[in-house]
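The chain contents come next:
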Amino acid sequence: MKLAGALFAAVIMALVAVPAAAEYADVVLNKRSEKEGVRPVVFPHWFHRIRFQCRVCHHELGFKMRVGANDVTMNEISEGKFCGACHNGDIAWGADRCDLCHSGKPGLPTGIFGGHETGGPGRW
Amino acid sequence: MRFRSLIAFTFAAALPAASALADVSGKDIYAKTCSVCHATGIASAPRYGHAGDWSPRLAGGSARLYANALKGTAKGMPPKGGNPAYSDAEIKAAVDHMLAAVKDAAKPATPPKPAAKDAEPKAAAPVAAAPAATPAPAAAPVATVATADALPAGDVNAFNRLLKPVGRRNPPPPEDGIHDPGNDGTHALLPPLTAYAGLPKSFAGNRVNWVEAIGTKKINPRWDRADPAAEPVVMDLNIVREVKGSMPDVVYPHKQHTEWLDCSNCHPAIFIPQKGANAISMASILLGEKCGVCHGKVAFPVSECRLCHSKKKDLARPAQTAAGAAK
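Chains as they are written, first to last, in the numbering used here: chain F, 1 to 124; chain S, 1 to 327.
Just so you know, the hints here were simulated from the structure itself, not pulled from any lab data. Bear in mind the structure is a predicted one, so any value in this text is a computation, not a measurement. Don't be surprised by glycine CBs; every beta carbon is placed ideally from N, CA and C. Treat each hint with caution, since some may be false.
[Unchecked claim] Away from chain S, derived, C-beta distances all over 10 Å, residues of chain F: (1) K35; (2) V42; (3) E60; (4) T73; (5) N75.
[Unchecked claim] Per the computed footprint, the stretches of chain S lying under chain F, defined by three or more beta-carbons under 8 Å from a beta-carbon of chain F, are: (6) 177-190; (7) 209-223; (8) 258-265; (9) 292-304.
[Claimed, not checked] Restraint-style ranges between C-beta atoms, simulated for each label pair: (10) I91(F) / E231(S): 13 to 21 Å; (11) K275(S) / I91(F): 24 to 32 Å; (12) G89(F) / D227(S): 13 to 21 Å; (13) N70(F) / S44(S): 48 to 56 Å.
With the hints as extra help, turn the sequences into a complete structure.
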C-alpha cells in the first residue's frame, strides 16, 4: 500500500512539476532529438517574436501552427530550410552551436509549455 | 484504471467484510441523499472523506452523530437528511458509511475493527470494489493527501498554470524546468526578464503586453525575414460576433492580428472568410481549435475574458427606460 501510495504521489508530482515555470509558449521538440542522441530542442516563442512577426516563420518558412506537425531534420536546417533560414551563422547562430538549441532536459515530451493546457487526466 | 484498482485494494484491505455488506444500503442512501450536502460541504456539512471535518464531531461519540442525523441539528442538518421515509437503521447505516471513509483516510492499512477475522474476505472484495467505481468520493481523500505532499505549503494556487506566483514568473533558462542546467549552452541563453525590460506589462502569458509593445514601437519585429524595412500589410476591420446571454459581444480586430500574422495563417484553414460560416465556442477554444490555436498557447489566454468580450450589450436599458417612464 505504502509503495503504491508513493508511486501515486510520484505520478502527481510529475504531472504538477514538469511544466513548472516554463516561459509562456516555450516549445519542446523531441520527435527525433533523443533518438539521435542529443538533448531535446527548446524553442522560445518570446525571443523570436521580439525580432520577427509570426508570419515570418508560420508563413514564409512554412512552420505549421500545431505542435508536433513539423518534421524538422538537421539536414534541412543545413540546407537553409526551417530554422536554417536564419540559423545560418548570418542572421542568427549557425547549426554548429548544437548546445544553444538542443538545451532541453532529457526525457521531455514534444509539446508547448507554460500555457493553460494540462498534462494530466484533465487535459482538454 | 490502475489507480482505481489501487483504491479498490485499499478498501478491500481496510473494510471488514461484515460492515462492508451492511454498507451497501448506507452507501446508496449516501449517494442518493446525503451526498447533496456532504460531498461538497454545503451549509458547512462535514465532507465525505475529510477526516478534519469529522474529528470534532466524533469527539462526542458516534451515538451523538446518529442522534443528530436522525433528529437534525440547528446548524442545518435536516432530520433524517430531509427524507422521513428512511428508517432509523438506514440512516445509521449511511452515517456508518461516511464514518468508514474518514477512518480509512486516517489509517488506511489497519482494519477499524478486529471483528473482521471471521468474515470471508472473498465476499468483501466485490462489494468493496463498488465505491471505487464511483471515483469522486473514494478518490478524494487519497488525492488530497498526495498533492498536499507534492506542493509547497502556502502555494494554494500552484495547480493553476495561469496564476503563477511572483517567484515563478519568467525565470532564467537554467531554472525554468525545461532547459537542462547541466548543458553549457543553457547558461549562454538570454533570460526573458532581460529582454522584457521596458516592455509594457500584462497580467497573463509572458506578462508582456505584446500588442501594445508593437503598437507603441517598443519592439519592431521584422515583417519579412531578410528585409528589415518591409512594412506589414495591416487591415483595419473589426468583426463583431454576438454571443449568448449577458456576456459582452466579441470584437475581433483584424488590425492587431495583421500586425503579426499573414491572412493565410488563419484563412481559410482555421476561419472561413465568410460571415456566419464559423461556429466558435469557448469549449473549442480551450480544446485548441479556432482562436485557441494561438490564444492560450502563445497569445493571451482565455483568462483575459474582457480583451475579446469587449462590446457591452444594452440589455438593461429597455427595463431602465421603462422604469423611468413609469416615474
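Each hint, compared with the structure:
Every Cβ of chain S is farther than 10 Å from the Cβ of K35(F); the closest lies at roughly 17 Å, confirming the non-interface assignment. The beta carbon of V42(F) is not kept farther than 10 Å from every beta carbon of chain S, the shortest such distance being approximately 6 Å. The Cβ of E60(F) sits about 5 Å from the closest Cβ of chain S, inside the 10 Å cut-off, so the non-interface label is violated. A cut-off of 10 Å between C-beta atoms confirms that T73(F) is not in contact with chain S; the least separation is 20 Å.
Once the 10 Å rule is applied to beta carbons, N75(F) is consistent with being away from chain S; the minimum gap is 20 Å. Residue count for the segment 177-190 of chain S with a Cβ under 8 Å from a Cβ of chain F: 11. That meets the three needed, and the coverage hint holds. With 5 residues having a beta carbon nearer than 8 Å to a beta carbon of chain F, the segment 209-223 of chain S meets the requirement of three or more and the stated coverage holds. With a threshold of 8 Å between beta carbons, the proposed coverage of the segment 258-265 of chain S by chain F holds, since 6 of its residues qualify and at least three are required.
Check result for the segment 292-304 of chain S against chain F: holds, 8 residues qualifying (beta carbon to beta carbon below 8 Å, three or more required). At about 20 Å, the beta-carbon gap between I91(F) and E231(S) stays in the expected band of 13 to 21 Å. In this structure the hint that K275(S) and I91(F) lie 24 to 32 Å apart at CB is violated, the actual value being about 41 Å. Evaluation of the 13 to 21 Å hint for G89(F) and D227(S) yields a pass: the beta carbon distance comes to about 19 Å.
With their beta carbons about 53 Å apart, N70(F) and S44(S) fall inside the hinted range of 48 to 56 Å.
The structure is inconsistent with the numbered hints 2, 3, 11, although it conforms to all the rest.
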